[in-house]
Amino acid sequence: MTDNAKTVARLLSTAVFMFAFGFLLVPLYDVLCAVTGFNGKTAGQYVPEKTTEIDKDRWVTVQFITNNNAGMPFEFRPKQRSMRVHPGEINTTEFYIRNPVARTITAQAVPSVSPFHAAAYLHKTECFCFEQQQLVEGEALDMPLRFIVDSELPADVTTLTLSYTLFNISQEALAVAR
Amino acid sequence: MITENPHDSHGPDKGLMRWVFTTNHKDIGTLYLWFSFLMFLTGGVMALIIRSELFQPGLQLVQPEFFIQMTTMHGLIMVFGAVMPAFVGLANCLIPMMVGAPDMAMPRMNNFSFWILPFAFGLLLSSLFMEGGAPNFGWTFYAPLSTDFGPPSTTFFIFAVHMMGISSIMGSINIIVTILNLRAPGMTLMKMPLFVWTWLITAYLLIAVMPVLAGVVTMMLMDIHFNTAFFSAGGGGDPVLFQHIFWFFGHPEVYIMILPAFGIVSAIIPTFARKRLFGYESMVYATASIAFLSFIVWAHHMFTVGIPIAGELYFMYATMLIAVPTGVKVFNWVATMWQGSMTFETPMLFAIAFVVLFSIGGFSGLMLSIVPADFQYHDTYFVVAHFHYVLVPGSVFSVMAAVYYWLPKWTGNMYDEALGKTHFWLSFIGINITFFPQHFVGLAGMPRRIPDYPLQFADFNMVSSCGAFLFGFSQLLFLFIIIKTIRGGEKATEQVWEGAHGLEWTIPSPAPYHTFTTPPSDLNEAHG
Amino acid sequence: MRRANPISWSAGLVMLLGGNAAMAEWTLNMTEGVTEISRQVYNLHMIFFFVCVAIGVLVFGTMIVSMVLHRKSRGAVPATFHENTKLEYMWTILPIVILIVMAVPATSTLRDMYDAGESDIDIEVRGIQWKWQYTYLNDDPAKEVRFVSSLLTPKDEIENLAPKNEFYLLEVDEPLVIPINKRIRFLITSEDVIHAWWVPAFAVKKDAIPGFIHESWAIVDEPGIYRGQCAELCGKDHGFMPIEVHAVSEEDYETWLAEKQEAARVVYETIGKEWTFEELMATGETVYQQSCAACHQLNGEGIPPVFPALKGQGLAVGPIAAHTDIILNGKAGTAMQAFGTQLNPAQLAAVITYERNAWGNNLADHIQPSRINEILSGGAQ
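Protein chains in written order, with the numbering used here: chain S, 1 to 178; chain H, 179 to 706; chain L, 707 to 1087.
So here's chain S without its partners, still in its complex pose (with noise of 0.2 angstroms):
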């Protein structure tokens, strides 16, 4: 009987463990994909260690996209479609958001790039996807990005698109399923 009680424990602790295990793939998942761009995405603020050289003999294009996810209503879109630049230097562009209903709307911007292998290599120094940003009806914004391609970005990689989707995050939106 104490055998049985045992294994019982043994087997009841790597269910708890596995049960655990699944919550743990999220943080991991996100390190993984942080670390390696795997999904796309960026990372956050970034802080230049020292002034970069400019690989002056070398262009990249960043292709900007923006889109409205299900239930978001505001106007969004780039101020420039591309830019041609070198890596290294730091680039700035702007996007306007404007909220056109009747209610206070806080939104998210969430970006993503491709090719992935790309998105470890485009780095922010200011984006207005590391805040959320509320309007109020009517009110617009114009939102800097600075942004920098590092020169180490792989060679292959001659056009990089950054794409914002603009997510609805007050909570009637979260609080309403379709």
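Hints were generated in silico from the structure; no laboratory data involved. None of these values were measured; they are calculated from a predicted model. Just so you know, even glycine gets a beta-carbon here, dropped at the ideal spot from N, CA and C. Among the hints, erroneous ones may be present.
[Stated by the list, open to error] Ranges of calculated distance between the beta carbons of each label pair, as one might list FRET restraints:
id	chain 1	residue 1	chain 2	residue 2	range
1	H	S304	L	V1023	52 to 58 angstroms
2	H	I474	S	G138	52 to 58 angstroms
3	L	V854	S	T158	27 to 33 angstroms
4	S	T2	L	V763	52 to 58 angstroms
5	L	V759	H	T696	52 to 58 angstroms
[To be verified] Computed footprint of chain H on chain S; a stretch qualifies when at least three of its residues, placed anywhere within it, have a C-beta under 8 angstroms from a C-beta of chain H:
id	stretch
6	21 to 31
7	140 to 149
Since chain S is already given, all that's left is putting chains H and L on it; use the hints.
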């Protein structure tokens, strides 16, 4: 030589309450098997609704909203309500007898493990009548379709899954403890019948992955009700994370649904070939390798999700590798048959059909593992054909084979062989007519989970639907045969089958209510 | 030639070997497609298929022979062997070798697919329940072509009230048009749930995931019309959001593009761009004079009670949403019509702005034509 404890010859209690309170492994096994058959017929009706709608292009019978509820519920019920409980039922009936133990290690927990299931499935099925209908996002319930866009019944679906998981985990703990601690003296692990080995390994898989399923549905619950964002990019989450966690459970789950089948077939073929199982040891190692590999290949269900090339290549290679131990098992079965002295009673027919048709499913699986080709196969009927081949003439046939094989032991009566063979041939023909054409429509470009399709898919769909009705109605014959056998038939001997080896064939037929209350002393007959 | 027995291996093999073209209804095989990648994929598929057939013939053949020869009814006596180490090693190692050999072309094709080269045209593909939206990315917003592509098949055909046409469920109102021999990059995302964009003829299938962008590419060799379907369950009309791509010569593409860009430019000028307050007021005054003054008078004082005043009172000085709503949708039971169907978004935006700021109302707010357009297209209020 076994001795029956004279005290126990009073047999089981009388009346219905016997079934509610029983702690007897044979009773509980019976409950699981009947429950599983009921679920098999329920899921089968849903399949027939699906195939009826797909009989012709156009929407004739049901609306798309209901159709996707049917595909979802059909999958959930067959996976969690038919196949898994059937194998657990067989485990309950057979493992104690096969290892020479009087019962499972924890008989009361055993009872509880079963009785959760009717409640879980009652809850799940009742969702069909809830406002918004039943879950309609596929049995794989990807986010955000299931989290942000699911019907109100999704919450009940989550609770039902939790209950099923608890039942499975408890059942698996019971099985492992029984196998590890209650074997008759002298029965080393390498002397156990292969069915016991495959269940030992399956039980470990279940304990490892059912909690992960519980985790992912809990995360779903939190996303739906508690404003978390595990799977929503807006809150910093990722829908693809859902797929990783789900398939980390999901892939081992499909091996959970086939390993016991391997064990069954490994019992039946040697009996009817009158020859020992070829390569017992390598069968054990192959099963263990398959189980180990099953943990590290999950993303082959996600090749189109946008995984970087290194990931795609790794998962492709690892998945292709699984063909090796699986092939070893198939070769071993063939080598068992080779130069045997075969007869082809119904269990053997099902077992041989298993080997052939499961292998066909395995071939389509190998094709699916090739990433560039998978871009054309993924989410088409080619995949549907693949998994139905491994699950229906795979798992389900093995359960039917097991039922025919052990029914004389359980009931004391031989089933009607002519009827059994009829059931086999109708099922065999029906299954192939149903699922073989699905390879073609899948290759021709028909996606999954659609209630209506372009005209070029019409002809094979019509054929497939005809096969489905043939196969479906043939199962009523199966029901008839089982009931007929329970009620009477040619008396079965202790050994039943000339070539049968194993402890269960050393006791009377029908097996007494309590068996091996004292451990068997002669283990020569332990495995074939 | 119709072979109605799908179980027949030989029939299948003959058809497959004979090519995969015109078997319109009893199609057995995948398409070879019209790109170099799709042909590589088809070849991989066939190689793997034949390897599986060969192994199957070997294994099942052995079983069949055994079932014939080694039966008790033939008097066969069972052998006693139950292991053979050499044989077991052989049939473990040989499959590994076969798999390694097969992995080589598979790896090579995958690497070709992942090659991130410079594209000629970038198209954003957005999955929406239950249609696709395509945007031909262009640095000049006035030239950016964007349109929604929805199922064209009439409900009557689906509900069996009319005979189904040849392209039943595979036709759209606005197909994607691309030039042949150019590298097209598809940037794929979703507005709501996971969809998947799949064109079998290109061997392109990629999941469309909300919040993320993925890319795929194709260079189409042959002009033609290629059809695909959504390949990820996305809700009730998952089966009703097809994809139709027209691959045309470069000249035809340029012609089509020019037409579309002209239409886009017009829209941009009227709806897409951001109007200044002065532009809105100027146009608004004109619209007011033409469409509103008859009842509400040039001075905004109306003819109460039938025609309410707009100066200093009522919805014109209240919340803009209600004001917009009454102009777009009218008011039942009164003479106020639904101007949403009569005026274009630029005119509507302008007149609303005008009413809110004229006659001393001076609310200093305004509404853009793009916003009116959004509301009219069913967007959130």
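*Going through the earlier hints one by one, which of them does the structure break, listed in rising order?*
7
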